[in-house]
Amino acid sequence: MKTLIFKTASSYLLPLLILFSIFILLRGHYLPGGGFVGGLIASIAFVIHSFANGLEKTRTIIKFHPGFLIPVGLLIAIISGAAPLFLGQNFMTGLWMDDPIPVIGMVGTALFFDTGVYIVVIGITLTIIFTISETL
Amino acid sequence: MNNPYIVLPIIFQLFTAILLMFFWLNVNAQRLISGIFSLISLGISIWLFSEIWQNGILISQAGGWQAPFGITFVADVFSATMVLLTSIAGFAVAIFSAGSIRNARLKFGYFPILHFLLMGLNGAFLTGDIFNLYVWFEIIIIASFVLITLGGEKSQIEGAIKYVTLNLLASAIFLTAIAILYGLVGSLNMADLSIQIAEVENRGLVNVTAILFLIGFGIKSAIFPLYFWLPASYHTPPPAISAIFAGLLTKVGVYALLRIFTLIFIPDEFLSNLLIGLAALTILSGGLGALLQVNMRKMFSYLIICHIGFLIAGLGMYTELALVGALFYLIHDIIVKTNLFLVAGLIFKLKGTLNIEKLGGFYRQFPKFSLLMAIPLFSLVGIPPLSGFWAKLYLIQAGYLSGQYVLIGFILLGSFITLWVIAKLWAEVFWKPDVSIPKKIGVKYFYEIKPLKRWAMVLPVILLGITSLYIGFFAEHIIVLSKHISADLMNPQNYIDAVLGAKPLTP
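Line by line, the protein sequences give chains A and B. Just so we're aligned: 47 in the numbering used here is position 47 of the first sequence, and the numbers increase by one with no gaps anywhere. Just so we're aligned: 1060 in the numbering used here is position 60 of the second sequence, and the numbers increase by one with no gaps anywhere.
One thing to keep in mind: the hints can contain errors.
[Said to hold, decoys possible] Listing some non-contacts, in silico: residues in chain B with all C-beta distances to chain A over 12 Å:
no.: 1; residue: I1449
no.: 2; residue: K1483
no.: 3; residue: H1484
[What the hints assert, rightly or not] Here are the in silico distance ranges between beta carbons for each label pair:
no.: 4; chain 1: A; residue 1: F68; chain 2: B; residue 2: W1065; range: 32 to 40 Å
no.: 5; chain 1: A; residue 1: L95; chain 2: B; residue 2: L1292; range: 56 to 64 Å
no.: 6; chain 1: A; residue 1: T135; chain 2: B; residue 2: K1162; range: 21 to 29 Å
no.: 7; chain 1: B; residue 1: K1440; chain 2: A; residue 2: R59; range: 36 to 44 Å
[Stated by the list, open to error] So these bits of chain A aren't anywhere near chain B, every CB distance computed over 12 Å:
no.: 8; residue: I18
no.: 9; residue: V47
no.: 10; residue: F51
no.: 11; residue: F112
no.: 12; residue: I129
no.: 13; residue: E134
Treat the hints as calculated values from the structure; they're not laboratory data. Bear in mind the structure is a predicted one, so any value in this text is a computation, not a measurement. Ideal Cβ positions, reconstructed from N, Cα and C, are used throughout, including at glycine.
Construct the complete structure from the given sequences, taking the supplied hints into account.
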């Protein structure tokens, strides 16, 4: 699949898809979207890039083993879940900022939890796909 | 009373697992972190237990959503005891793993998965929501699938296939039962279910659901016709893994049975008789299976089944005294079964085989080890001052008072078979004159490994041995505890009031 068209398209698609995935992540609280779908879209961006340019090129973009993202994402998620405990509230209670931030909107622990999910999904999907394409 | 910190045993295990994942390839760091954090987790469990012993049932509504709608975490004395036992067994196994599990396995994430498993167990004990209970069961079985296949030896994969198939079937049945239950009353909160199920008029459907729960949890806790996966799989993984499986995985099924059948479905005469019949057959089939085995770990696997029968017998009789017996046995069994499999692992490291006919001369060669190993073996049999005795005493007394003479016969038979099996094992392994066993290639013997690792393998056995001795010699403490739990289980009104508030919401 290493045609010129696909190669050229993929290098433009990569940033676009990642941007789109972040958009999906941020709109997720009340509208369709969220960390899981966002993470899948972001990992598709890297998968397309690896199909067009080969696995090695994609590895040089990411620079570290994608498996490293799994504990990072889990850590973000658990901290956002456990944060209310430090204030004496129940586990997973949503803590929200009083005023919305421009562009992003309301920020609360739910956003960080979703971000954690987003990172975990990228980590797991890329680990699986890279491992499969290595053995092919 | 609301206390958000009762979820700490779950969150702390999760945090430990995540921290361990950052040290994926640094196995020495993993060993250290796992040991230290398991110790801290033991401290948290002791704190939780003392808090609940003093203040009564504590609850936490996850996310702040009120009871019948959100997920509730409930810590009563029963849950806290189970969490405490999990932490003790978890700590022992974490230390034993540091000494015995090979680096190749550790590099594939053994320790993180072990802590995910412990998190699942703590979650299952602390949740007050039946669907959430299902989720924790899924976490437990997925973690255990990884642990049982880790290393990828042929026998392991074979055992794992049987284990995975039957446990997935059990999960499917469990999920179906939850779906029917939700269709009947539209609630998943266990306290709320307790009130609402009592008012349902379609008793037929309620009973069918109860039987579905019995089958689902029955497979998981290895009750009579559904136990085949256990002896087929428990002897295949490394000893540390089979120890945590033997101590806790079947017991979480028994915990769920005890919880569901005292809170939601109160056993009527049919169910009670069914449970008693199953208990008797479980004792018989487990015991007979154990008699035939020559591999030590397979022997212990069948003894697990045999002793699950005692627990189900206590539930089946459904009197306060019978539950005291069952709960005492549960507490004793978790510690002893974990210890037995660790002992088996130690014997394998010393001698290179677990075939009791080939082994021999253990007492002459290793007198101190033999003394150490005698504690779990004779506690299991229940020789009077040791821990197994008191539980059986209560079970038999309860059987006598409720007129279940046949069941008493089976319990005595079960104890007798256990005695026979252990006596045979003791005679063959410890007393028989030594026969030299050819050295196996690929087995790292005990005297070849570093002293620190040797201690890491002996220390957990000593720790669990002391715990068993405590349960035996200070039985009055455990009896007070069991009586407290059993009174709670027989009168679930306190539990319901704690979860739903004094005035329950009715639709």
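Hints, verified against the model:
1. At the 12 Å boundary, the C-beta of I1449 (chain B) stays outside the reach of chain A, the nearest C-beta of that chain being 30 Å off.
2. With a minimum CB-CB distance of about 32 Å to chain A, K1483 (chain B) clears the 12 Å threshold, and the non-interface call stands.
3. Non-interface call for H1484 (chain B) relative to chain A: holds, since the shortest CB-CB distance, roughly 26 Å, exceeds 12 Å.
4. F68 (chain A) and W1065 (chain B) have their C-beta atoms about 34 Å apart, which keeps the hinted 32 to 40 Å range intact.
5. Taken as a hint, the range 56 to 64 Å holds for the pair L95 (chain A) and L1292 (chain B), whose Cβ atoms sit roughly 60 Å apart.
6. Distance hint check for T135 (chain A) and K1162 (chain B): the Cβ-Cβ separation is about 27 Å, which falls inside the suggested range of 21 to 29 Å.
7. Checking the proposed 36 to 44 Å range against K1440 (chain B) and R59 (chain A) shows it holds: the Cβ atoms sit about 42 Å from each other.
8. Consistency note on I18 (chain A): stated as away from chain B, and its beta-carbon is indeed over 12 Å from all of that chain's, at 24 Å minimum.
9. Its beta-carbon lying about 23 Å from the closest one in chain B, V47 (chain A) satisfies the requirement of being farther than 12 Å from that chain.
10. Every CB of chain B lies more than 12 Å from the CB of F51 (chain A), the least distance being 27 Å, so the non-interface label holds.
11. At the 12 Å boundary, the C-beta of F112 (chain A) stays outside the reach of chain B, the nearest C-beta of that chain being 15 Å off.
12. Non-interface call for I129 (chain A) relative to chain B: holds, since the shortest CB-CB distance, roughly 19 Å, exceeds 12 Å.
13. For E134 (chain A), the non-interface assignment is confirmed: its Cβ lies about 16 Å from the closest Cβ of chain B, beyond the 12 Å cut-off.
When each numbered hint is compared with the structure, no violation occurs for any of them.
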